[in-house]
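Participant: Input sequences plus hints: build the corresponding full structure.
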Amino acid sequence: MRGARRGPLPGFGLALGFTLSYLGALVLLPFAALLLRALQLTPARFWELVSTPRTLAAFRLSFGAALTAAAVNLLCGLLVAWVLERYRFPGRRLLDALVDLPFALPTAVAGIALTALWDERGWLGALVAPLGIRVANTPLGVLVALVFIGLPFVVRTVQPVLRGLEPALEEAAASLGASRRQAFARVLLPELRPAALTGFVLAIARGLGEYGSVIFIAGNLPERTEIAPLLIMIRLEEYDLAGATAIAATFLAASLLLLFAVNLLSWRQRRRVGAA
Amino acid sequence: MSICVQGLTKRYDRQPVVADFSLTVPAGELCVLLGPSGSGKSTVLRIIAGLLAPDAGRVSLHGRDVTGLPPQARGAGFVFQSYALFRSMTVAENVGFALAVRGVPRAERRHRVDELLELVGLGGLGRRLPRQLSGGQQQRVALARALAHRPEVLLLDEPFGALDARIRAELRRSLREIQRELGIATLFVTHDQEEAFALADRIAVMALGRLVETGTPRELYLRPQTEFVATFLGAANLLVGEATARGVRIGPVDFPLGGDAGGEGAQRRVQVLFRPEDVALVAPGAPSPAPLLGTGTVESCAFAGALEQLRLRLPPFVGVRAIAPPVPFGAGSFAIVASRPPHEAHALPLAPGDEVGVAVRRLHALAHPGLQFLLLAEPSPEGLAAVGWAGELTRRTHARLAVLLAGLPEETARQRLGSGLPAVTFHPVRGVVEAAVAELARLTAPDLLLAGAPPGRGATLGASLLATGAHHLLLVRAEGPLPERALVCAAVGEPGKEDVAFTGRLLRHLGTHVTVLTVLPAASPAAPRTQAERFLTASARTLEPLGVPAATRLGEGDPEAEILAVLAGGAELLVLGVPLPKADGALSLDGIAGRLVERTGDLPLLVIRSFPEMTT
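As you go down the protein sequences, you meet chains A and B in turn.
Residues in the first sequence are numbered from 28 upward in steps of one, following the numbering used here.
Residues in the second sequence are numbered from 16 upward in steps of one, following the numbering used here.
If you're looking for bench data, these hints aren't it; they were derived computationally from the structure.
Every residue, glycine too, gets a C-beta built ideally from N, C-alpha and C.
Please note that a few of the clues may not be correct.
Quick look at which bits of chain B chain A covers, simulated, 3 or more residues with Cβ under 8 Å [what the hints assert, rightly or not]:
| id | stretch |
| --- | --- |
| 1 | 87-97 |
| 2 | 107-117 |
| 3 | 158-168 |
Partial chain A-side listing against chain B, Cβ under 7 Å, derived [unchecked claim]:
| id | residue |
| --- | --- |
| 4 | Leu196 |
| 5 | Glu198 |
| 6 | Ala201 |
| 7 | Leu203 |
| 8 | Val214 |
Facilitator: See the structure below:
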């Protein structure tokens with residue numbers, strides 16, 4: 028906001044003012060209202076509301092599944108991005124377009140499709156049922172749904188970086204005697220790490236907030252397969268506004284903390300590589 | 016012998032980007048591979064490093080054949096133009112990379128890294144990240160990194176291309192010192208001749224995928240063997256003159272020549288080179304210290320530090336063709352570039368417009384004359400006619416001739432060609448004729464391919480023979496004498512200029528009368544008409560100084576009918592430009608050109624390729 032740094036574009040003050048009020052009205056105001064509500068509760072009452080076994084189980088499931096799903100997507104997304112960028116094969120463009128499908132699909136549609144697929148009588152569910160693995164109506168089902176919706180994030184953040192890497196880097200590594208594996212692990216991976224972490228953060232964020240696709244496949248058994256956003260929903264429907272607020276505020280704080288931590292890691296990576 | 020490559024060939028889409036390239040760099044030598052962009056020099060370097068596989072040829076490093084080995088196993092250090100430093104590693108980690116992947120213990124690695132950083136002048140900067148260094152420093156890191164594993168050879172691909180002039184000079188000096196200290200065979204690729212002169216023990220000049228010449232910088236500058244090197248290295252005045260018993264004749268003036276003209280036989284054509292500093296400028300009428308070329312007008316003079324650089328314009332000498340500086344199309348004169356030290360400039364101050372005597376202190380005659388022909392010799396009547404033409408044309412133009420024997424015995428070919436040919440080689444056909452033509456064209460880089468064309472096969476044969484290389488094509492369709500009159504059908508514009516220019520280059524030796532014809536669509540507006548008239552005037556002005564009698568003609572209406580009508584007036588040679596290549600790069604003689612080929616009976620055809628950059 029230093030006046031001395033005048034950019035070539037006019038209206039800095041106006042643009043900043045607009046941005047701040049827009050973000051304020053759209054993002055900060057609801058948060059503030061939520062916090063205000065939560066503050067009306069006494070600490071003892073607040074603790075009582077969020078420390079019920081059912082609430083704690085919902086938190087565990089929500090954060091656990093989001094982190095695990097994002098981790099799975101980190102690995103698989105890297106692989107998918109690598110294949111899409113580094114190889115030329117028939118159907119590559121189609122495959123590339125398919126990656127965006129989880130973005131575009133209404134989450135309820137995704138939920139119903141996944142449930143149909145992974146139900147004990149579904150194509151895939153029937154396949155794994157004899158192995159004693161049940162997906163629908165278990166925490167595993169939640170994970171499957173979150174993996175599905177989180178895939179595009181890592182792929183789409185890594186892809187442009189992979190495309191922009193100069194071939195000379197790999198050639199230099201090869202001429203210096205590095206095997207393909209060494210070149211990948213020591214040269215390429217560090218270049219991809221910041222972008223991959225960003226994708227990871229986005230996938231976590233999406234996983235935490237996901238509701239529509241999960242509730243169909245999860246079965247929503249209290250203390251077993253009930254996610255935090257659903258629990259908030261249930262509390263509201265029971266007209267338990269205090270309960271809903273307490274859970275929501277805690278969920279919000281925990282999410283912010285987690286995202287901030289991972290972003291910090293990603294930012295440090297980025298600074299080292301010197302990427303923008 | 017440290018780097019040795021033999022017969023390297025690399026094709027992309029069947030077009031050779033490197034053709035039959037051989038070079039040896041002995042241990043301890045710094046060899047600069049110099050060439051214009053697109054000449055294939057980086058491709059050669061990448062093949063040596065193993066980053067690219069050749070289609071043919073062998074690479075050995077230190078006497079070990081490494082052709083089939085991956086880059087990891089070659090023990091070469093490679094420096095990229097873009098530095099290609101690993102951004103996430105510190106400078107020390109970058110330099111130590113080659114050692115780390117080889118499992119060298121940490122302590123030893125650190126010792127070697129410090130030693131290398133000291134060597135490239137970056138001692139103490141090991142803990143920085145690459146992006147914290149300047150471009151010049153980054154390239155020093157890349158150099159240290161490439162030397163860490165004690166490679167047997169060092170390969171550098173335009174390493175200083177992205178740096179400014181001062182840093183570049185500094186890095187050159189460092190590289191030279193380091194290379195001498197390590198005694199490592201080094202191949203340095205650049206398109207910058209100044210850089211080549213500053214660095215090289217030896218320069219290898221490349222053009223169009225071939226090695227043109229190698230030699231020390233001094234040899235290549237003072238005594239180049241080829242037109243390309245003469246004009247590519249430094250500023251040059253290059254003219255085509257005649258070798259005489261005593262020296263060289265340029266127009267009316269005889270220049271004595273120190274031995275290397277070798278005027279065997281009368282009237283041999285030679286290219287003569289003199290550098291700007293070989294030109295002496297004398298006041299008009301004053302005694303000249305050197306043979307006087309003529310009186311010129313100062314066109315421009317510029318101060319360039321230690322030397323004053325001048326450009327002079329001289330009236331044309333009939334029969335003298337200037338190659339460099341290039342003569343603008345349609346100019347009725349030619350230019351000479353000169354330079355002189357301050358004391359000479361002080362003694363005879365000159366300004367644009369002044370008249371001055373132009374003398375030449377020293378001349379160098381190039382070994383090779385201008386033209387190179389390739390003859391496809393077949394036993395058919397048309398083939399034999401082509402052999403006769405080739406003999407006569409080669410004799411008159413003092414060209415070099417390579418004969419590809421496709422079913423014709425060498426003895427018969429020799430008889431038909433006749434005697435008095437300066438440089439002829441014979442090559443038997445093995446396998447498919449087109450492939451053999453392409454192979455020989457690759458080896459000899461001819462200006463012109465001569466072949467016989469049986470009736471009705473002109474267009475298809477023409478297209479397939481044009482596709483064998485980057486040459487123009489002369490199709491002979493019946494026995495006959497060399498042409499007295501030629502018709503050049505030229506389109507207005509750049510391709511048309513090439514049609515006229517090459518026709519002039521070839522026919523100036525035959526005394527052929529040339530008519531340049533351009534056909535406009537019926538009822539053309541004034542603007543294209545003026546443009547066409549200007550083109551025709553320029554064509555005549557380009558041909559006349561070469562000693563080619565020229566007439567011009569502007570037709571209107573259907574080009575095909577117009578051309579046939581002019582032909583009916585009498586011409587023994589038809590000159591056509593190749594139509595634009597198709598999108599896939601294929602040439603074909605269809606459309607007007609194709610119909611003309613079919614409708615002109617047994618008239619010889621000269622087909623000029625006007626788009627060399629699109630077909631090589």
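Participant: The structure should be examined with respect to each hint, and the outcome stated for every one.
Facilitator: Hints, verified against the model:
1. Counting residues of the stretch 87-97 of chain B whose C-beta sits closer than 8 Å to any C-beta of chain A gives 7, which meets the bar of three, so the coverage hint holds.
2. With 5 residues having a Cβ less than 8 Å from any Cβ of chain A, the stretch 107-117 of chain B passes the three-residue criterion, so the hint holds.
3. Here the stretch 158-168 of chain B counts 4 residues with a CB under 8 Å from a CB of chain A, which clears the bar of 3, and the coverage holds.
4. Here the hint on Leu196/A is kept, as its CB sits about 5 Å from the closest CB of chain B, short of 7 Å.
5. Hint status for Glu198/A: holds, given a least beta-carbon distance of 5 Å to chain B, under 7 Å.
6. For Ala201/A, the shortest C-beta to C-beta distance to chain B is roughly 4 Å, which falls under 7 Å, so the interface hint holds.
7. The criterion of a C-beta within 7 Å of any C-beta in chain B is met by Leu203/A, whose closest approach is roughly 4 Å, and the hint holds.
8. Taking 7 Å as the C-beta contact cut-off toward chain B, the hint placing Val214/A at the interface holds, the least distance being around 5 Å.
Consistency with the previously given hints is maintained throughout, with no hint failing.
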